[in-house]
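Asks: Each chain is listed here by its residues.
There are 6 protein chains.
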Amino acid sequence: MSDIWLTSLITDTPQQGYELAITLSRRGVKYTQPDMDVLKKLRPEYANSADALTAASHVIAVNFQTVAAANNYWRG
Amino acid sequence: MSDIWLTSLITDTPQQGYELAITLSRRGVKYTQPDMDVLKKLRPEYANSADALTAASHVIAVNFQTVAAANNYWRG
Amino acid sequence: MSDIWLTSLITDTPQQGYELAITLSRRGVKYTQPDMDVLKKLRPEYANSADALTAASHVIAVNFQTVAAANNYWRG
Amino acid sequence: MSDIWLTSLITDTPQQGYELAITLSRRGVKYTQPDMDVLKKLRPEYANSADALTAASHVIAVNFQTVAAANNYWRG
Amino acid sequence: MSDIWLTSLITDTPQQGYELAITLSRRGVKYTQPDMDVLKKLRPEYANSADALTAASHVIAVNFQTVAAANNYWRG
Amino acid sequence: MSDIWLTSLITDTPQQGYELAITLSRRGVKYTQPDMDVLKKLRPEYANSADALTAASHVIAVNFQTVAAANNYWRG
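Listed in order, the protein sequences are those of chains A, B, C, D, E and F.
Residue numbers for the first sequence, in the working numbering: 107 to 182.
Residue numbers for the second sequence, in the working numbering: 107 to 182.
Residue numbers for the third sequence, in the working numbering: 107 to 182.
Residue numbers for the fourth sequence, in the working numbering: 107 to 182.
Residue numbers for the fifth sequence, in the working numbering: 107 to 182.
Residue numbers for the sixth sequence, in the working numbering: 107 to 182.
Because the hints were derived from the structure by calculation, they are not lab data.
Among the hints, erroneous ones may be present.
No more than 30 Å apart at the CA atoms, straight line, and that leaves these computed lysine-lysine pairs for DSS-like [to be verified]: (1) B/K147 to C/K146; (2) E/K147 to A/K147; (3) F/K147 to F/K136.
Remember, it's a predicted structure, so these values are computed and weren't measured experimentally.
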């Protein structure tokens, strides 16, 4: 990908950090399947599957570990 | 999501930290599938599956790692 | 849940830490499916499946990482 | 379980540490299904499945992270 | 493999670090199945499966943890 | 296993560390199923499955975290 989408792991709040973790998780999908039409077609399949939603939350959790450590857990 | 749901990873006790890990895990699902009606429809499917419950506990465990580290393991 | 079940991650021995990791893993299931009758009904399904037992051991391993770090690996 | 099987995470060598990680992984299974006859019956099922063997190696890898950190990676 | 493909985990930016994590993830596949024709044949199967794309993103997330830690989270 | 296959987690380069992570991942399989004939028979099954290859890369990624930390990320 040629666009710049990630310049820092630092966020102001934990919630922004969590949302960055979501972005990281989605980018992992987009790098593997860049065709947005395919991704849109797949969406109903996984947004209506309990297993797929749990798996998505799992990937977010792993990325959130990284973002939280980067921000020293926003300990202030 | 526009609501504020996560302002700190710090909790008073390990149990509150574990419960925050559950909140983080559920938010990962809700960000991916925000439609509460769909989520309610999926609930019986995964709350009655041993595999799905283990997978849910796995995501909580990953998020609990993050919360526990943030709290320096409540070492006091 | 209103009961208090987790007041500390500190244990005397690694084995007690491992057993606390098992408790954490089971609590993740119980928070998601609090109905004990359902959980009992599911037990034969997963206690007789090699894949389910491996998955259970996986969750325990993740929680044991947390407990072991909290105890500074019982290095003495 | 009333027997004592884990008194320390410290090992002399990385290989002993890896083998301790295997022990930890198997104990996770045994705590969940203590009946040795059931476990023996399940063995051919998973020892002949590529997916199950990869999953077993995954759990060992997670436990090896813990053991390796406990031993400060045997850096000497 | 005899070619040199990984000489450092250090990158200039988080995005380059994320892309290195993708390289690491793909190499794990190539070491296991070095035949590029087989890999090309498998591609449509997993690039059109929501579950497979989530699994790919998961592996990237694990490798990104490593790369991010190596770079001290690009804290500057 | 009575042979000595792991005497150190320290490697000269990140790539050698990655290859050690592959060795660790394969050993996890071999400890569980030591019969090389069975392993050879299973190989086509998983070397031609996108899901199995991703799972293999996942285990390597977990072991690479350990090896990379042991080597202080080859920061020089």
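Asks: Next step is simple, just say for each hint if it's right about the structure.
Replies: A quick look at each hint next to the structure:
no. : hint             : result
1   : B/K147 to C/K146 : 23 Å, holds
2   : E/K147 to A/K147 : 21 Å, holds
3   : F/K147 to F/K136 : 13 Å, holds
Hint violations for this structure: none, all hints satisfied.
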